[in-house]
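Trainee: Listed below, chain by chain, are the residues.
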Amino acid sequence: MIDLTVDIGRLRLKNPVLTASGTCGYGREYAHILDLNQLGGIMVKGTSLVPWAGNPAPRVVETPAGMLNAIGLQNPGLDYFLHTELPWLRQFDTAVVVNIAAHQIEEYAELARRLDNAAGVAALEVNISCPNVRQGGLSFGSDPLTAHRVTAAVRQATSLPVIVKLTPNVTDIAALARAVAEAGADAVSLINTLLGMVIDVRARRPALGNIVGGLSGPAIRPVAVRMVWEVAGAVSIPVIGMGGITCAEDALQFLMAGASAVAIGTATFANPRAPFEVMKGMAAFLQEEGFTAVSDIIGLARRGIA
Amino acid sequence: MTWQQCQAVISRRSELPHGHILLGLKAPPVAARARPGQFLHVRCGGDGWPLLRRPFSLAGILPAEGEVELLVRRVGKGTAWLASQPVGQVLDVLGPLGNGFPRPWQKQKQGDLLGVAGGVGVAPLVPALLEAARTGWDVGLLLGAQDAPGLLLVERLRASGIDVSTCTEDGSYGRQGLVTELLAERLPGASLVFACGPPGMLRVVREMTTAVECYFSLEERMACGVGACLGCACQSGDGYHLVCRDGPVFSAREVQL
Numbered sequence: 001m002i003d004l005t006v007d008i009g010r011l012r013l014k015n016p017v018l019t020a021s022g023t024c025g026y027g028r029e030y031a032h033i034l035d036l037n038q039l040g041g042i043m044v045k046g047t048s049l050v051p052w053a054g055n056p057a058p059r060v061v062e063t064p065a066g067m068l069n070a071i072g073l074q075n076p077g078l079d080y081f082l083h084t085e086l087p088w089l090r091q092f093d094t095a096v097v098v099n100i101a102a103h104q105i106e107e108y109a110e111l112a113r114r115l116d117n118a119a120g121v122a123a124l125e126v127n128i129s130c131p132n133v134r135q136g137g138l139s140f141g142s143d144p145l146t147a148h149r150v151t152a153a154v155r156q157a158t159s160l161p162v163i164v165k166l167t168p169n170v171t172d173i174a175a176l177a178r179a180v181a182e183a184g185a186d187a188v189s190l191i192n193t194l195l196g197m198v199i200d201v202r203a204r205r206p207a208l209g210n211i212v213g214g215l216s217g218p219a220i221r222p223v224a225v226r227m228v229w230e231v232a233g234a235v236s237i238p239v240i241g242m243g244g245i246t247c248a249e250d251a252l253q254f255l256m257a258g259a260s261a262v263a264i265g266t267a268t269f270a271n272p273r274a275p276f277e278v279m280k281g282m283a284a285f286l287q288e289e290g291f292t293a294v295s296d297i298i299g300l301a302r303r304g305i306a
Numbered sequence: 307m308t309w310q311q312c313q314a315v316i317s318r319r320s321e322l323p324h325g326h327i328l329l330g331l332k333a334p335p336v337a338a339r340a341r342p343g344q345f346l347h348v349r350c351g352g353d354g355w356p357l358l359r360r361p362f363s364l365a366g367i368l369p370a371e372g373e374v375e376l377l378v379r380r381v382g383k384g385t386a387w388l389a390s391q392p393v394g395q396v397l398d399v400l401g402p403l404g405n406g407f408p409r410p411w412q413k414q415k416q417g418d419l420l421g422v423a424g425g426v427g428v429a430p431l432v433p434a435l436l437e438a439a440r441t442g443w444d445v446g447l448l449l450g451a452q453d454a455p456g457l458l459l460v461e462r463l464r465a466s467g468i469d470v471s472t473c474t475e476d477g478s479y480g481r482q483g484l485v486t487e488l489l490a491e492r493l494p495g496a497s498l499v500f501a502c503g504p505p506g507m508l509r510v511v512r513e514m515t516t517a518v519e520c521y522f523s524l525e526e527r528m529a530c531g532v533g534a535c536l537g538c539a540c541q542s543g544d545g546y547h548l549v550c551r552d553g554p555v556f557s558a559r560e561v562q563l
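Listed in order, the protein sequences are those of chains A and B.
Be aware that the first sequence starts at 1, since it is given in the working numbering, and climbs by one per residue.
Be aware that the second sequence starts at 307, since it is given in the working numbering, and climbs by one per residue.
Take these hints with a grain of salt, some might be off.
[Unchecked claim] Examples of chain A residues lying across from chain B (beta carbon under 8 Å, computed):
id : residue
1  : H32
2  : P56
3  : V60
[As the list claims (entries may be wrong)] Beta-carbon label-pair distances, calculated as ranges:
id : chain 1 : residue 1 : chain 2 : residue 2 : range
4  : A       : G120      : B       : G495      : 55 to 61 Å
5  : B       : D544      : A       : L145      : 55 to 61 Å
6  : B       : T308      : A       : I199      : 47 to 53 Å
7  : B       : R339      : A       : D143      : 48 to 54 Å
8  : B       : T308      : A       : R302      : 51 to 57 Å
What the hints contain is simulated information worked out from the structure, not anything from laboratory work.
Owing to the predicted nature of the structure, the values given are computational and were not obtained by experimental measurement.
Just so you know, even glycine gets a beta-carbon here, dropped at the ideal spot from N, CA and C.
I would like the entire structure built from these sequences, with the hints used as guidance.
Mentor: This is how it looks when you write it as structure tokens:
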């Protein structure tokens, strides 16, 4: 029996596989074919204080080994989440990580305060990195000082574990990670999508209604692994790695680079059982390679290097 | 109600003009539950590429045979792959997905259903038209295309008792002109209109059908197909609807085009 439990600071996960925010909704769409009880956790759709309408269509376009999206954080708002989605999620034995999104620091703090006492919430993931919302996302996550302020405000407003999700659209992601760690983050998650663009040459226009969007999928995986490697070497808080994971071997790369857990995102769209298959495949790998606990491989590729 | 992930085996395939292909898929769980207007989300490509699935309207629902049909137009890598697969090929599909058309013929003995389609837009209408005709409704289809070969599935529909009127933009078959010109003549008497085609066509259909119930089957780029990613938005009065989950069938007055 392989011990799959991992600790993300004070948050214990039954296994290191989560679903990435924005790719699994609030769990309902896939719950009938993907047993959420089998997962380490679900990182729910980015949720704001009031409902957000999102961006005009087209919102997605496929790219080589990936896709661009510009959903614009469409979500039904915190009240709806608390009254409708969270009670439903409580039936599952899995960690519910609530991704919070906001346009102002005070809104992040308010979200954190109101979720603090909500039964069934295991942790918060602070979205300071979504590139789609012009008024906020990008600026919070791309400047260490601002990222520090957001993290500190959320930290003060809640006793829940605070995970800060980092954007890759920066020169030095390790500096961002250090800033949020110093501000009291319990963990960081990375990477969010890489800012990109596609032009439809027949239409002579950008392919996305929002003009630019976030690139995800296998195309970004090597970038994500490199950034997890850098951040894991720069901070002592745990790292949750994500970016283009489709199978167990992909996920193992992140763990060996220093991530304590991983999240599956875009792969779920093509294969709804991908998170479950990653978890099973990871256990099989550990068994084959003679490990008894998944925690034994965290940072394994760093030995003798960093 | 709920969709499944299952295997579908290509049971037959026929080449149609302009690079279209009609695929028969053996998929009993889908065929047993599918309703007219729903769609399948198909993994295209054996080695994981292209990454995303491709959505296809059900162009045929045959529960007794455990089969459904897809009308595939080769437009890119995914559809080209699918169109080149042989009989016997196993596909990974999600479905049936989406809401489907309303089916007033289940309650009302008589009615007059008029389908309006442009090109490959005929696909989602076929099962609805056939089902309504089987229950005794008067059913007509107005089909427009660029040219004569682009008028897909006409013979099959006529053989099933559907009154099909056609027009082509180049005048090579049927009347020369746009399908909406046919609609102007045929609309009186229709109690229900179903339409699928390019946005320009749908906008005109909507303007013409203010006095009759009208539903559109819409198309949009999709990632998940099941309502999780919120990628296939279409604007409505009060925000956005999702084509995959809230549609693909919408009341003509409910969405902006």
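Trainee: Take the hints in turn and mark each one as holding or not.
Mentor: To see whether the hints hold, each was checked on the structure:
1. Look at H32(A): its Cβ gets to within about 5 Å of chain B, closer than 8 Å, so that hint holds up.
2. At a threshold of 8 Å, the smallest CB-CB gap from P56(A) to chain B is about 7 Å, leaving the interface hint in force.
3. Checking V60(A) against chain B: minimum C-beta separation of about 4 Å stays under 8 Å; hint holds.
4. Checking the proposed 55 to 61 Å range against G120(A) and G495(B) shows it holds: the Cβ atoms sit about 56 Å from each other.
5. Checked against the hint of 55 to 61 Å, the C-beta distance between D544(B) and L145(A) comes to roughly 39 Å, which is inconsistent with it.
6. Between T308(B) and I199(A) the Cβ separation comes to about 38 Å, which falls outside the hinted range of 47 to 53 Å.
7. One distance hint, 48 to 54 Å for the beta-carbon pair R339(B) and D143(A), holds here, with the actual separation near 52 Å.
8. For T308(B) and R302(A), the hinted distance range of 51 to 57 Å is not satisfied, since their beta carbons lie about 44 Å from each other.
Violated hints, listed in ascending order, are 5, 6 and 8; each of the other numbered hints is respected by the structure.
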